[in-house]
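Asker: The chain contents come next:
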Amino acid sequence: MSLLAGARDRFILGENRFGLRPDLGLVASMIEPESRLLDVGCDDGALLDYLVRELGCDGRGMEISQAGVNACVARGLPVIQGDADRHLVDYPDDSFDYVILSHTLQAVHRPGEVLRQMMRIADVAIVSILNFGHWRARLSLVTRGRMPHTRFIPEPWFMTSTIRPCTVRDFLDLVRLEGLLTGDCYGIAKEREVTVIRSGFEGQANLFAEQAVFEVLPAKKRKPGRRS
Amino acid sequence: MTEAPRAVHEIQDDLPGPRAELAGGAAVRLESGERLGPVRVAYQTWGTLNDARNNTVLICHALTGDQYAFGTHPVTGKKGWWESMVGPGKPIDTDRFHVVCPNCLGGCMGTTGPAAVDPATGELYGTSFPIITIGDMVNVQAMLLDHLGIEKVMCVIGGSMGAMQVLDWAARYPDRVVSAVPIAGAARHSAQNIAFHEVGRQAIMADPNWCGGFYYREGKRPEKGLSVARMAAHITYLSEPALWRKFGRELQNRYMKSYEGFGADFQVESYLRHQGASFVERFDANAYLYITRAMDYFDLEADHGGDLAKAWQGTKARFLLTSFTSDWLFPTSESKEVVHSLIRAGVNVSFVEIESDKGHDAFLLDEPDLFETTSGFLDSVARDLGF
Numbered sequence: 103m104s105l106l107a108g109a110r111d112r113f114i115l116g117e118n119r120f121g122l123r124p125d126l127g128l129v130a131s132m133i134e135p136e137s138r139l140l141d142v143g144c145d146d147g148a149l150l151d152y153l154v155r156e157l158g159c160d161g162r163g164m165e166i167s168q169a170g171v172n173a174c175v176a177r178g179l180p181v182i183q184g185d186a187d188r189h190l191v192d193y194p195d196d197s198f199d200y201v202i203l204s205h206t207l208q209a210v211h212r213p214g215e216v217l218r219q220m221m222r223i224a225d226v227a228i229v230s231i232l233n234f235g236h237w238r239a240r241l242s243l244v245t246r247g248r249m250p251h252t253r254f255i256p257e258p259w260f261m262t263s264t265i266r267p268c269t270v271r272d273f274l275d276l277v278r279l280e281g282l283l284t285g286d287c288y289g290i291a292k293e294r295e296v297t298v299i300r301s302g303f304e305g306q307a308n309l310f311a312e313q314a315v316f317e318v319l320p321a322k323k324r325k326p327g328r329r330s
Numbered sequence: 122m123t124e125a126p127r128a129v130h131e132i133q134d135d136l137p138g139p140r141a142e143l144a145g146g147a148a149v150r151l152e153s154g155e156r157l158g159p160v161r162v163a164y165q166t167w168g169t170l171n172d173a174r175n176n177t178v179l180i181c182h183a184l185t186g187d188q189y190a191f192g193t194h195p196v197t198g199k200k201g202w203w204e205s206m207v208g209p210g211k212p213i214d215t216d217r218f219h220v221v222c223p224n225c226l227g228g229c230m231g232t233t234g235p236a237a238v239d240p241a242t243g244e245l246y247g248t249s250f251p252i253i254t255i256g257d258m259v260n261v262q263a264m265l266l267d268h269l270g271i272e273k274v275m276c277v278i279g280g281s282m283g284a285m286q287v288l289d290w291a292a293r294y295p296d297r298v299v300s301a302v303p304i305a306g307a308a309r310h311s312a313q314n315i316a317f318h319e320v321g322r323q324a325i326m327a328d329p330n331w332c333g334g335f336y337y338r339e340g341k342r343p344e345k346g347l348s349v350a351r352m353a354a355h356i357t358y359l360s361e362p363a364l365w366r367k368f369g370r371e372l373q374n375r376y377m378k379s380y381e382g383f384g385a386d387f388q389v390e391s392y393l394r395h396q397g398a399s400f401v402e403r404f405d406a407n408a409y410l411y412i413t414r415a416m417d418y419f420d421l422e423a424d425h426g427g428d429l430a431k432a433w434q435g436t437k438a439r440f441l442l443t444s445f446t447s448d449w450l451f452p453t454s455e456s457k458e459v460v461h462s463l464i465r466a467g468v469n470v471s472f473v474e475i476e477s478d479k480g481h482d483a484f485l486l487d488e489p490d491l492f493e494t495t496s497g498f499l500d501s502v503a504r505d506l507g508f
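Taken in order, these protein sequences are the chains called A and B. Just so you know, the first sequence maps onto residues 103 to 330 in the numbering used here. Just so you know, the second sequence maps onto residues 122 to 508 in the numbering used here.
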């Protein structure tokens with residue numbers, strides 16, 4: 103059963119019985135069961151564990167932190183210590199159906215190259231970002247004259263791992279620049295209020311979404327069918 | 122005056138622990154094409170084999186290791202070489218797992234090697250012992266498992282040369298290995314490592330007491346040569362920061378440089394001399410020649426037509442590879458080559474590079490991250506096997 107049963111243009115992410123963070127639950131709902139996937143920046147493996155055990159996926163992880171790797175290995179998940187900037191090149195072409203990059207694209211040095219590598223090794227990339235175009239972030243910059251520091255951007259600029267802050271529009275520009283397409287896209291506010299981002303309504307999402315999740319597709323390939 | 126301690130080749134038959142005569146005393150075919158036999162393996166076991174016979178962990182020791190991974194060493198009186206990793210409640214938990222650690226082929230702690238009796242002549246083999254390979258060591262271990270009635274092991278684990286054996290195991294016997302844990306290893310010995318080994322071998326062979334490898338019958342021991350080999354090798358197991366932290370330029374039992382020739386003025390000299398001197402009490406010089414040669418010959422990539430990924434065709438084993446940042450003997454890049462080949466072959470592989478300034482020897486030392494990853498991994502393997 104999909105975690106988004108009865109989804110419309112706006113919906114609330116419910117609790118899921120696996121204790122997944124709501125935004126990770128949304129990512130999980132975008133993955134076909136039994137697919138091959140790589141979770142880049144898989145942290146403690148919570149999402150990967152769900153995808154492997156509940157959806158029967160052949161899932162691999164990449165994680166930079168020792169604590170994260172240890173947690174994944176202890177869960178029995180295959181995880182390689184490495185970072186997106188340097189180690190995606192190690193994977194052969196078309197190794198996966200999906201590559202997931204949750205809250206990681208803004209932490210890499212070369213987001214364009216990372217996106218290219220992702221599309222090289224997988225059919226579909228699922229990318230989630232923090233949206234610095236949210237009205238609170240804008241207001242914070244305008245009124246305080248300082249880098250946005252809000253509920254969803256909790257750390258000051260010198261602490262955050264988000265070294266490449268961007269907005270929903272910025273991300274979509276990069277996708278176009280790379281000659282790629284987007285499939286399903288969602289904005290998330292207050293951690294669980296989801297809005298489907300429709301073509302032509304990106305500006306609205308850019309103002310009201312705190313996070314956004316994008317399905318990135320190659321220019322000409324279609325979405326992968328469910329593998330039997 | 123006290124008598125010199127007995128040489129290793131004189132005491133190996135008296136060492137504690139079981140011995141297995143392989144293949145019913147028949148000769149074993151080596152990779153060189155030579156036949157060697159009968160072959161005897163000395164080994165240690167800890168823990169209990171469960172009813173399903175699927176909880177065995179096979180430990181492969183390093184170049185100068187032996188079967189005494191856990192418990193008091195019968196020659197040195199010190200703790201086992203892997204007590205940090207093996208024992209009740211340790212990552213290789215002897216309360217849960219059945220642990221087997223054999224002395225490798227060519228070794229000198231009871232397993233057939235150059236210091237064993239050649240049945241053809243009734244004398245010790247010496248350099249008439251055939252050249253052996255890592256693959257031969259692995260084949261002999263597989264025969265030991267046959268002897269023990271163990272078809273499949275839950276894990277083959279080892280560091281350094283032990284890691285080479287682990288990789289060879291997974292490639293050679295894909296159906297007998299549920300998981301493989303090569304630590305600080307490589308799929309082939311590098312030119313630099315062969316070069317260091319050659320220095321050690323030349324030191325041994327330059328010792329007049331080596332007698333062309335037949336020092337046993339001359340009643341001599343090439344101790345000087347073997348200890349120099351050990352001193353040179355020991356430097357490669359450490360790192361510059363570790364040596365500096367431990368010794369710096371501190372002087373040994375004196376306040377200033379002695380200006381008296383070439384005694385051990387510096388602590389680091391004294392330390393190395395001690396390493397060399399204590400090593401010769403527990404190791405045979407010919408065994409050192411043969412085992413270093415086996416490591417030098419190891420090249421799993423060449424064995425598989427230049428594509429390491431081909432070595433993993435057919436393996437269902439899960440892998441956990443570990444390397445250490447300051448290891449320059451078996452650097453991270455070597456482990457990564459293996460990881461890439463496993464990824465290419467679609468194998469379930471995890472890889473960790475552990476931050477440590479202790480060099481290659483880190484795998485034998487107190488490294489909490491190593492213990493945590495390894496125990497987490499073995500737990501998950503055990504869980505999958507249902508215990």
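Do not rely on the hints blindly, as some may be mistaken.
Lysine to aspartate or glutamate pairs mimicking EDC-like chemistry, simulated, CA-CA at most 16 angstroms apart [unchecked claim]: (1) B/K273 / B/D172; (2) B/K457 / A/D192; (3) B/K457 / B/D428; (4) B/K273 / B/D296; (5) B/K437 / A/D160; (6) B/K273 / B/D428; (7) B/K457 / A/D160; (8) B/K437 / B/E339; (9) B/K378 / B/E390.
Now the in silico label distances, taken between C-beta atoms and shown as ranges [what the hints assert, rightly or not]: (10) A/P320 / B/S454: 55 to 61 angstroms; (11) A/R112 / B/K437: 42 to 48 angstroms; (12) A/D187 / B/D420: 52 to 58 angstroms; (13) A/S167 / B/A316: 49 to 55 angstroms; (14) B/F492 / A/I265: 53 to 59 angstroms; (15) A/D187 / B/P295: 30 to 36 angstroms; (16) A/R266 / B/K437: 38 to 44 angstroms; (17) B/K437 / A/E136: 16 to 22 angstroms; (18) B/D420 / A/A321: 49 to 55 angstroms.
None of these hints come from the bench; they were simulated from the model. Just so it is clear, CB atoms sit at the ideal spot from N, CA and C, and this is done for glycine as well.
Asker: Against each hint, give a clear statement of whether it holds in the structure.
Answerer: Each hint tested on the structure:
1. B/K273 / B/D172: It holds: about 13 angstroms lies between the C-alpha atoms, which stays within 16 angstroms.
2. B/K457 / A/D192: holds, 9 angstroms
3. B/K457 / B/D428: holds, 15 angstroms
4. B/K273 / B/D296: Cα-Cα ~7 angstroms, so holds.
5. B/K437 / A/D160: Given that 16 angstroms is the threshold and the Cα spacing comes to 14 angstroms, the pair holds.
6. B/K273 / B/D428: violated, 26 angstroms
7. B/K457 / A/D160: violated, 22 angstroms
8. B/K437 / B/E339: Given that 16 angstroms is the threshold and the Cα spacing comes to 51 angstroms, the pair is violated.
9. B/K378 / B/E390: With Cα atoms ~13 angstroms apart, B/K378 and B/E390 stay inside 16 angstroms; holds.
10. A/P320 / B/S454: 55 to 61 angstroms: violated, 32 angstroms
11. A/R112 / B/K437: 42 to 48 angstroms: holds, 46 angstroms
12. A/D187 / B/D420: 52 to 58 angstroms: For A/D187 and B/D420 the Cβ distance comes to about 32 angstroms; the hint is violated.
13. A/S167 / B/A316: 49 to 55 angstroms: violated, 36 angstroms
14. B/F492 / A/I265: 53 to 59 angstroms: Violated, at about 33 angstroms.
15. A/D187 / B/P295: 30 to 36 angstroms: With Cβ atoms ~34 angstroms apart, the hint holds.
16. A/R266 / B/K437: 38 to 44 angstroms: holds, 40 angstroms
17. B/K437 / A/E136: 16 to 22 angstroms: holds, 18 angstroms
18. B/D420 / A/A321: 49 to 55 angstroms: Violated, at about 43 angstroms.
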